[in-house]
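Take the given structure of chain D and dock chains L, H, F and Y to it, following the hints.
Chains as they are written, first to last, in the numbering used here: chain D, 172 to 529; chain L, 172 to 529; chain H, 172 to 529; chain F, 172 to 529; chain Y, 172 to 529.
Keep in mind that the hints were calculated from the coordinates and are not lab data.
Incorrect hints may appear among the rest.
When chains are identical, the list treats them as one kind, so a pair holds in a single copy or across two.
[Claimed, not checked] Taking lysine to any residue pairs in the SDA-like style, the calculated list, with each CA pair at most 25 Å apart, reads:
id	residue 1	residue 2
1	K195	T440
2	K494	P481
3	K200	S272
4	K195	I474
5	K195	M290
6	K201	G343
7	K229	E215
8	K201	T425
9	K310	T425
10	K199	E372
11	K526	S459
12	K464	M373
13	K298	M373
14	K393	T230
15	K494	W509
16	K393	E215
17	K195	L460
For reference, the chains in residue letters:
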Amino acid sequence: MQTRLIPSFLKTTSKAGEAPGALKHIGKKKIEVPHITMWVYNKEVCEERTVDNVNDCKTFILNDHVNWINLDGIHNTQIVESLGQQFGLHPLLLEDILNTSHRPKIEEFEDCFFVVVKMLHYSEKDKRVSVEQVSIVLKDNLVLTFQEQPQDIFDPMRERLRAGKGKLRSSGSDYLVYRILDAITDGYFTILEHIGNDIEEMEEQFIANPNDTFISSVYQMKREMLFVRRAIYPLRDVVVQLQHSESQFISDTTVPFLRDVYDHAIQATDSVDTFRDLLSNMLDNYLSLISNKMNSVMKVLTIIATIFIPLTFIAGVYGMNFKNMPELEWTLGYPAVWCVMITVFIVMVTYFRRKGWF
Amino acid sequence: MQTRLIPSFLKTTSKAGEAPGALKHIGKKKIEVPHITMWVYNKEVCEERTVDNVNDCKTFILNDHVNWINLDGIHNTQIVESLGQQFGLHPLLLEDILNTSHRPKIEEFEDCFFVVVKMLHYSEKDKRVSVEQVSIVLKDNLVLTFQEQPQDIFDPMRERLRAGKGKLRSSGSDYLVYRILDAITDGYFTILEHIGNDIEEMEEQFIANPNDTFISSVYQMKREMLFVRRAIYPLRDVVVQLQHSESQFISDTTVPFLRDVYDHAIQATDSVDTFRDLLSNMLDNYLSLISNKMNSVMKVLTIIATIFIPLTFIAGVYGMNFKNMPELEWTLGYPAVWCVMITVFIVMVTYFRRKGWF
Amino acid sequence: MQTRLIPSFLKTTSKAGEAPGALKHIGKKKIEVPHITMWVYNKEVCEERTVDNVNDCKTFILNDHVNWINLDGIHNTQIVESLGQQFGLHPLLLEDILNTSHRPKIEEFEDCFFVVVKMLHYSEKDKRVSVEQVSIVLKDNLVLTFQEQPQDIFDPMRERLRAGKGKLRSSGSDYLVYRILDAITDGYFTILEHIGNDIEEMEEQFIANPNDTFISSVYQMKREMLFVRRAIYPLRDVVVQLQHSESQFISDTTVPFLRDVYDHAIQATDSVDTFRDLLSNMLDNYLSLISNKMNSVMKVLTIIATIFIPLTFIAGVYGMNFKNMPELEWTLGYPAVWCVMITVFIVMVTYFRRKGWF
Amino acid sequence: MQTRLIPSFLKTTSKAGEAPGALKHIGKKKIEVPHITMWVYNKEVCEERTVDNVNDCKTFILNDHVNWINLDGIHNTQIVESLGQQFGLHPLLLEDILNTSHRPKIEEFEDCFFVVVKMLHYSEKDKRVSVEQVSIVLKDNLVLTFQEQPQDIFDPMRERLRAGKGKLRSSGSDYLVYRILDAITDGYFTILEHIGNDIEEMEEQFIANPNDTFISSVYQMKREMLFVRRAIYPLRDVVVQLQHSESQFISDTTVPFLRDVYDHAIQATDSVDTFRDLLSNMLDNYLSLISNKMNSVMKVLTIIATIFIPLTFIAGVYGMNFKNMPELEWTLGYPAVWCVMITVFIVMVTYFRRKGWF
Amino acid sequence: MQTRLIPSFLKTTSKAGEAPGALKHIGKKKIEVPHITMWVYNKEVCEERTVDNVNDCKTFILNDHVNWINLDGIHNTQIVESLGQQFGLHPLLLEDILNTSHRPKIEEFEDCFFVVVKMLHYSEKDKRVSVEQVSIVLKDNLVLTFQEQPQDIFDPMRERLRAGKGKLRSSGSDYLVYRILDAITDGYFTILEHIGNDIEEMEEQFIANPNDTFISSVYQMKREMLFVRRAIYPLRDVVVQLQHSESQFISDTTVPFLRDVYDHAIQATDSVDTFRDLLSNMLDNYLSLISNKMNSVMKVLTIIATIFIPLTFIAGVYGMNFKNMPELEWTLGYPAVWCVMITVFIVMVTYFRRKGWF
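Bound conformation, chain D alone (with noise of 0.2 Å):
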């Protein structure tokens, strides 16, 4: 039996009358040890590091260069804290990074960008969707990714950038940031495909011999379907907003390509919604021609129960034991009982025919 626990990011853990500015963890801490890495980059040339003490990550920025700090694991709220201080930021946008039951959104700090957006996998085993959130802070040539563990959804970008061709080693840290984003959408479509071909997988097996479980596993999709939608619908007004903005964070030539994203969430919501659609459809189906069958089979065994338990009934009364019941001489007496019961059949027969029952 699969577990069916409500996301961890509906579950969030109040923390009334506190402090704004207290920094809280919340959500489960998915790995031990927080992991900083830290990419320098321009046309030239291209450094990697892993961070091992926070504080110094201010002390390897470079003017002239696209700076990118990703830190996997969020649960060290000192760690966060140290990067705010050393870069500036709010100290509300460091406690909704740490707040991962966040929806996404976007804010624009007078001197920052704050992005939320929500990561996708699919679990192919159990046919179940967890959310992970990532937070982007863009500031001048700064970026800022927050993860709470490691994914190889980056991996490819981190290739390129490696091996220094193509467009982003020789753009600004906005186009950084349109590649996460990027990458982040993109990785809701393997999500969909997932999921389109296991609801392919249940029209089938609809068609072929829809079993108990059936219905369990439409329900249960639709259920994902939930979260899912969840978690990709506001980013099409994260996107608009950020493509709509007249920052100078972002430039022109990037205005485009966060065009695309949008159209991908678009598309994206289109698919969940559709699916959804789908998913409806074909349980309404399925309800409908099993009460269909039923029905059906009701009917037919009924009318055959209905139409014997007369003529038991006059077969009972000739079984009773008086002495004095007269039929039972008479020498045509079975066989007009015979006639009787036979009559009585056809009548019914007939009567339920032309009432169309059967």
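Coordinates of chains L, H, F and Y only, in the frame set by chain D:
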């Protein structure tokens, strides 16, 4: 059996035709004696006092300080009226404070902001949500709050005021309003966490062994969600209006904090909607399964009955006591009747099988 | 049995092709003799008179006073026409006054405001809502109101006018319009309170012992809500338009009062929606419970029947009167048949148990 | 049995790839011979003529007059084309006139307004709504109307033109367009009145004795509402656009009249929606009641059957013909079996009672 | 049995992390060899050629002519890339052309318009809709179209180009784009006509004799509507954006034609919605009727069974073989038992009648 009373905030008492100025408390009297506390603070000093005579309030007001007057218990119209007169509040505003059936709203008067919000409480015992109204008036360096009864939701704020540290003591009255709203919205998440846990429990119960009370508890929860949604939903507009107001009451540094409250409000309604969808999905799933199970019970049982009814009829025929029943005399009559019955049995089973009925 | 007639305001009579100017009363004639009352007042004096000859109205008008003419009973088109001619009202406006099938609306003519709203009445006896149209014309210091029949909803206002105290006497005609609208919206809450009580009663009945009339009364209530919603909903737009109009008719001091009416209108529709959701929720709950109960009845009973039908068949077999039935002669035949029957019984009960059918 | 054909305006014929200029009639040919009437009038004179040769139309046009050309029967593309050439109408406009599958719309060309609306007819006989398209072109002092077949809906207008009195004769071509739209929307209310009466009849039938055709007639009515709604709904936008157009074609004095048409359009859609809700509510109520009644029938009957089946089994046992059945020889065997049967009866009845099954 | 595969445009393949510039075909390869045709025309001349080497395309471009390059078969990324390089198309644009899973959209690049739309095909055989993507690039006097496979939908346009008459030859490239869009939307109506006919057939089948496949075919049609709607719906926004763009690419004379396409798009979605409503209405009606019929069958049959079961019991009692059964010896025992049975029969029938059960 749980009581299912409609929350008082849906049962507004009319006062048709009365003058708008006539003050009248609408709601339940929740405590005996109203209680006024007053905080006068700035970065340096913080004075906390309980005011016994409402008419003295104005005398304690200090310029260059933030003045926070909190009234617990609003059923005494004279106290509210006195506060209104001392600080020049609009009669309609006073009327709204006294009417606990209001939906959350904001009104911008010429010299003050008036905000009505709802606090939510969750009773673990009977899994019910109760709603309480909080009215907030922001006028220059004065903040007035009106509660139906004392709540511990503001205690952490009071601690911080006393402790004298943090942004609260050094900020203006608009930041105090933000902190009050923040405490209230944070309170929503406590509720939502409880509800989330209850729904998770229901899901576990659903998998394990849904008994008769399962349906009722799901509907009961859906019912509570109606009230939670109604209390939370309008808050979004309230905060947006507060945020986008071009009033001098809201300083620029407070705006990002209000945006944070807005995010929380959106997230809360979002969670409520997801919870409702989860409940509906679970309920539909349950009803489908129940109906499916019922169908399979009925089908098998009806088939058994149907097969035996004609056989019983045959047995009944040869139980008749007619004198003249030649079959009864035949040596092979009895085995023949068995053959007939077995044939009927096989034909019917084969027919039902071929029809796919079992 | 309750009558379920569609309210007249849904059954609009057509007058296709007729000239728009042709005045025609559409609706039911609710009183015999139309009745005109006239109030002429300012801060100092207040004159109240019953006007017998409609053509005299204009002669009683005083400048520097607020003049309120109220007509009860609009089926006499001549009276309405005469008022229209005396005060220069647009023909379409007169047509709208006479047509009681209008939905609430506001129209701004060059020299006047025209507002149509609906008054609601609730009959405790048959739990039905009736709807009545009130038309209001605001033109400088003149207010004309048109009702289908006399109502006591304005009586408190009249008392206040006579008493000569309060804001009403000292304010302009726009404030009078506000007070009329306020009295009408306050009337909505009286209705909603009644409906809320009825729903609470239904919930109690639902818990206690829902009999056959329960479903009908819930649907009947849902049906009433359709009409209530239809009457209240458009009022929001009416008040918004009135409030945001840049007309000279509406003074700045009246605007916050109109905002109050707007709040009431929103709250009323909000309550109607919540009531509808409550009713739907209760109904779904009831139907689920009924269906669940029915299922459990059917299941147990069918199981009993199914177990005994094969047993009865066995008994029937040995009730046959064949001469040659060796089993009947056996000494242990009878106990053997009992053993067979008990075995069948145990096997079936075990099988059903294992299947979880009871 | 009623025919349930989809109205032709849903079945648009494609002309993929053809040039937009190629005129082609799409729809049913409803009359044999197209018929052109022409009205040329101003305040002083009014000339009414039947035009036999379409090419003469332009010659009859008079400046300083309102010229109204009405064509009944649009299947002859040459006539429409000729009118288009004479008055310089855009090819797309002509195409739209000929295509009766259009939804209501308005288009503002450089030198004219083009309005497409739907007329509704209600056949009392088979309770079906039919839809007809009317196209209106307003160009300076010229109004062209195109109908599929002659209608009596404009007759009262024609009477008024002949009579020479009223606002119509003394106003411009825009007022004529208003009067045409007004006649059409007034026609909607005739339909809605019929439908309202039919729904009322259904409600009465529902209370009295809903027979088998009740469900079908409700669904049939819901189906008609789909088409009515589709024909009326877009009219709102049409009139709003006409009203807010800053064209010189629409004079200021006509604007309040258009607002009146707008009100009617809103009211009509509003009524359609309410009717739909009423029908759905009634249907749900009916289905709930039917299902409830069915349940109570099934329950009582099943209980009776269940009680007697075990009793019949007991009787069957002692109807067996075994030689060696000691109970049969006992003197008190028969009374004892009666006791057993009565005990079983009482136990079962008591058990069912306690379970609350009847 | 029909296959129910999810259309490929819902199953988007991910390319997470890859560079956006990396061109990759997403979709099915529908023809073997891509095919490029080129039309270069103006009012005077019209040249039509098949291009064998894609790299030659640019050399055939003529100024002062409209140049239309059409590519059938987009799976060969090199051809698309070559066209992109020759005409300076944005990499994201090329990527979108190759990805057939896009939803309809428009993008305005600095030097060109890019439009993605969906063509629909209807297979009469299995009543399924298939979807194909068409990408259109408009850049000055150049129009590039990309199709998945050759379609005859543009043939009439090609005929007209060859014939050299009509507005097409004398207009600019924007008019060509309009004609392409017009051909595609006109294609929708062909589909909708087919679907309309199928629904009409279903309605006839519904009235005549709905067999087992009826429900499945209705759901199958509803399923197809999901895909049709998804393909058509976004087109409205595409055309609106094209129309309201202030680009120099769209001349003023083309705008009314685009409005025409917009009207068609609205009308198509409108029809899809109405079809869906019709199907839902028909389905609900069918299910209600089935359930009603089933109920009436069950009721009558159950009543018959219920009446005879107690009678059979009575007969069973007197079929028992007890030695000591005094009733059996009575002379009037047999008639008495008949009297009892007839009494029971009459009582039960009367009771059921009075209850209104039949």
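Violated hints, by number in ascending order, as checked against the structure = Per hint list: 4, 6, 8, 14, 16, 17 violated.
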